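Asker: Given next are the chains, with one letter for each unit.
2 protein chains.
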Amino acid sequence: MQADLICVGNELLTGLVENSNAGFLARRLCSVGIPVSEISVVADDEKVIRAALGKALKACDLVILTGGLGPTDDDITREAVAAILGLPLVLNRKWLEKMEQFFCKRGLKMPKNNRKQALVIEGSTILENKRGTAPGSMIEHEGSLIVLLPGPPHELQMMFDEQVLPYLVGHNRGNLTTVKTLKCIGLGESMLEEKIKSAGEWDLPQISYVARGFEVDLQIKGCGDPASASAALADAEKRLRSALGTYIFGSDDQTLAGTVAEILIAGKLTLGLAESCSGGLLSDIITDIPGSSKFYRGGVVVYNPDAKVEVLGLSRSLLNHEGEVSDAVARAMAEGARSLFRADLGVGITGIAGPDSDLSGSPVGLVYVAVSSPDLCDSMELNFGGGRRAVKERSAQIALDMIRKIVLTGN
Amino acid sequence: MQADLICVGNELLTGLVENSNAGFLARRLCSVGIPVSEISVVADDEKVIRAALGKALKACDLVILTGGLGPTDDDITREAVAAILGLPLVLNRKWLEKMEQFFCKRGLKMPKNNRKQALVIEGSTILENKRGTAPGSMIEHEGSLIVLLPGPPHELQMMFDEQVLPYLVGHNRGNLTTVKTLKCIGLGESMLEEKIKSAGEWDLPQISYVARGFEVDLQIKGCGDPASASAALADAEKRLRSALGTYIFGSDDQTLAGTVAEILIAGKLTLGLAESCSGGLLSDIITDIPGSSKFYRGGVVVYNPDAKVEVLGLSRSLLNHEGEVSDAVARAMAEGARSLFRADLGVGITGIAGPDSDLSGSPVGLVYVAVSSPDLCDSMELNFGGGRRAVKERSAQIALDMIRKIVLTGN
Chain A
68 MQADLICVGN
78 ELLTGLVENS
88 NAGFLARRLC
98 SVGIPVSEIS
108 VVADDEKVIR
118 AALGKALKAC
128 DLVILTGGLG
138 PTDDDITREA
148 VAAILGLPLV
158 LNRKWLEKME
168 QFFCKRGLKM
178 PKNNRKQALV
188 IEGSTILENK
198 RGTAPGSMIE
208 HEGSLIVLLP
218 GPPHELQMMF
228 DEQVLPYLVG
238 HNRGNLTTVK
248 TLKCIGLGES
258 MLEEKIKSAG
268 EWDLPQISYV
278 ARGFEVDLQI
288 KGCGDPASAS
298 AALADAEKRL
308 RSALGTYIFG
318 SDDQTLAGTV
328 AEILIAGKLT
338 LGLAESCSGG
348 LLSDIITDIP
358 GSSKFYRGGV
368 VVYNPDAKVE
378 VLGLSRSLLN
388 HEGEVSDAVA
398 RAMAEGARSL
408 FRADLGVGIT
418 GIAGPDSDLS
428 GSPVGLVYVA
438 VSSPDLCDSM
448 ELNFGGGRRA
458 VKERSAQIAL
468 DMIRKIVLTG
478 N
Chain B
68 MQADLICVGN
78 ELLTGLVENS
88 NAGFLARRLC
98 SVGIPVSEIS
108 VVADDEKVIR
118 AALGKALKAC
128 DLVILTGGLG
138 PTDDDITREA
148 VAAILGLPLV
158 LNRKWLEKME
168 QFFCKRGLKM
178 PKNNRKQALV
188 IEGSTILENK
198 RGTAPGSMIE
208 HEGSLIVLLP
218 GPPHELQMMF
228 DEQVLPYLVG
238 HNRGNLTTVK
248 TLKCIGLGES
258 MLEEKIKSAG
268 EWDLPQISYV
278 ARGFEVDLQI
288 KGCGDPASAS
298 AALADAEKRL
308 RSALGTYIFG
318 SDDQTLAGTV
328 AEILIAGKLT
338 LGLAESCSGG
348 LLSDIITDIP
358 GSSKFYRGGV
368 VVYNPDAKVE
378 VLGLSRSLLN
388 HEGEVSDAVA
398 RAMAEGARSL
408 FRADLGVGIT
418 GIAGPDSDLS
428 GSPVGLVYVA
438 VSSPDLCDSM
448 ELNFGGGRRA
458 VKERSAQIAL
468 DMIRKIVLTG
478 N
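From first to last, the protein sequence lines are chains A and B. Sequential numbering of the first sequence, starting at 68, is according to my numbering. Sequential numbering of the second sequence, starting at 68, is according to my numbering.
Just to be clear, a hint being listed does not mean it is correct.
Since the list gives no way to pick out one identical chain from another, each pair is judged satisfied if it fits inside one copy or across any two copies.
[Claimed, not checked] Derived lysine-lysine pairs resembling DSSO-like cross-links, with alpha carbons at most 30 Å apart:
1) K125 with K114
2) K361 with K122
3) K183 with K264
4) K125 with K361
5) K305 with K262
6) K165 with K122
7) K183 with K262
8) K247 with K179
No wet-lab data here; the hints were simulated from the structure. Note that this is a predicted model, so its numbers are computed, not measured.
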């Protein structure tokens with residue numbers, strides 16, 4: 068099975084809206100073994116949508132269209148698909164009632180143009196939309212499956228995960244066991260490859276490496292029929308885990324911060340942060356995790372020497388002697404955060420994010436990260452390339468990995 | 068002039084890498100009045116690239132290809148373009164020497180496969196790459212312009228802005244004066260439209276509205292020849308500014324945080340933050356601005372009641388009486404941040420980001436934001452829909468807008 072994606076919307080062609088739907092759908096389809104052969108972004112223009120769909124139906128057995136299901140005149144995806152299939156649009160009374168209730172609950176009368184959203188292609192299956200008024204739909208056509216999804220990402224994602232993906236897997240059009248992503252940190256792509264190759268002679272599955280800062284996604288694919296693909300994948304995962312050990316921090320949808328959160332919650336450990344050059348990014352990443360208040364007690368962003376002394380309690384002579392960007396200050400910040408927030412673990416991050424150096428002339432990209440626990444205080448000196456944002460992101464990644472290692476191994 | 072974009076890369080079709088190049092190029096082309104008619108994402112497959120390019124050349128007079136210019140075997144964009152134009156690839160000795168120096172400087176010998184990157188299509192103009200080894204190129208072909216750009220965004224962006232955009236404008240293929248984006252906050256799309264329409268009878272230019280949380284981008288386009296388009300645009304901007312006043316916070320590439328930074332620096336004012344439900348995101352946004360240390364003294368993320376009392380100095384009875392998520396606590400946090408960091412302005416943000424409520428049973432999405440100055444303390448109660456991230460982002464946007472208004476108007 069091969070898929071084509073057609074993303075409809077003028078706002079995608081002007082770049083006013085980022086097309087996050089294409090990446091989301093590609094990842095989801097890939098995870099069930101359905102490769103995407105092409106993605107097209109086209110205008111809200113019936114002729115253009117029809118041409119793209121005609122081309123896709125010749126090449127693929129699954130075509131997903133996103134966007135153009137709204138109530139306004141420029142929303143014409145439904146009409147274009149109906150026209151190319153030679154099918155009429157029919158009014159779905161149930162959906163009409165649902166929309167009327169949707170507006171009624173909010174104390175509003177349904178605008179006339181929303182009625183259009185209850186028109187569905189004859190013979191199609193409606194996909195429920197819990198987050199908006201545009202229903203999605205699926206229709207089988209000469210051996211191909213055509214899926215229409217609304218453009219807003221939070222509507223599309225829920226609809227795809229809850230209704231389309233189970234349909235694909237249930238109808239043997241996808242296979243949940245053929246792709247696995249192992250998420251690594253601490254070694255670059257080439258070092259990982261070397262380590263895997265030197266771990267012994269065995270049939271390697273197909274591995275793709277994708278680096279994101281210090282993290283590397285290692286995607287492995289099983290081939291052949293579902294049962295043997297699944298067995299090969301399980302075997303490969305076992306061997307890779309034994310070769311790479313704690314360089315693997317998670318799999319599939321897991322994130323580094325999510326893994327750290329799980330470890331801290333499991334160990335009943337609390338965390339406090341003191342950030343300088345990372346500017347609050349680490350705190351932001353941690354608080355994106357639902358339930359992070361279970362372990363995260365708080366953080367300070369001490370963006371100048373006074374705040375380091377007055378808020379975090381560092382001694383001014385330490386700052387003067389060692390310099391704000393130094394191993395000793397990172398350690399003192401980690402200890403300070405631990406004590407200020409009465410937490411089990413404290414993190415200190417100090418460095419030069421750029422674009423300019425500080426008064427001391429330390430190079431842009433020089434960063435010290437320290438993690439303190441009741442038993443020890445560990446630290447690292449790093450030299451990052453890249454811009455201001457990259458320095459912030461990598462500092463946060465390193466800090467999370469250091470927390471992970473300290474909790475897992477005690478050092 | 069019409070443009071087509073062809074983004075080459077298997078990693079884009081698996082969703083392992085987000086295709087940020089398409090949006091970037093679309094915005095840039097749109098800003099010089101060149102509409103993008105279609106974006107295709109295709110595999111690293113010569114036949115597929117040739118088919119996409121053939122189709123694009125029939126429809127458009129500007130075709131930009133991204134990706135596939137690397138040194139490895141799967142990088143074949145150059146080869147595919149040369150084949151369809153019927154032109155040979157020739158070795159560019161200057162680029163070869165440049166690459167050899169690039170590796171030499173890093174104490175490395177140039178790998179053999181990098182030699183491929185010095186092969187250029189006969190008759191094409193090389194585009195310098197200051198950030199990598201893949202040169203870009205431009206070639207005129209039967210009235211159309213074909214541009215090849217490397218895939219890594221930081222290489223592509225610099226190359227496009229410094230070399231391609233000036234070429235397009237210089238050769239009258241684009242016009243810098245035909246599009247302007249005014250950035251608004253404080254009114255939704257429909258309210259903005261109403262205000263604009265009620266501001267008097269005048270020929271409105273074409274206006275597109277795009278909402279990003281509480282911000283709305285208002286894009287206006289001038290039509291006709293460059294001189295009259297430019298005049299119409301200037302006139303429209305003047306009228307819109309007079310109709311919308313301080314609801315407009317900036318234009319084009321300006322950001323809300325960037326505008327706030329300018330205002331604070333100009334007024335020699337400093338800022339301290341106390342965040343709870345926004346979890347450090349506001350601090351992260353502010354510290355993304357180069358030079359933010361000029362006005363930003365620091366922030367605390369007080370993620371539990373103890374931290375609010377012990378770090379920020381709130382009274383425990385206030386928390387017990389009013390509840391952690393309350394107007395009074397937001398105000399006390401703003402005052403506390405101002406005093407803790409000895410800043411001119413303090414911000415307090417407290418709320419329920421979800422997915423679950425707190426023990427008090429306050430609804431998810433309820434947020435209080437307060438800004439305190441030496442003269443006054445202003446606050447707002449907000450009820451946000453959307454998920455955890457949306458609550459964080461909108462809280463940060465509102466706080467920035469409140470700072471902006473307090474400094475601009477004194478209330």
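Asker: When the hints from earlier in the document are held up against this structure, which numbers fail?
Answerer: Checked against the structure, the hints that fail are numbers 2, 4, 6, 8, while the rest are satisfied.
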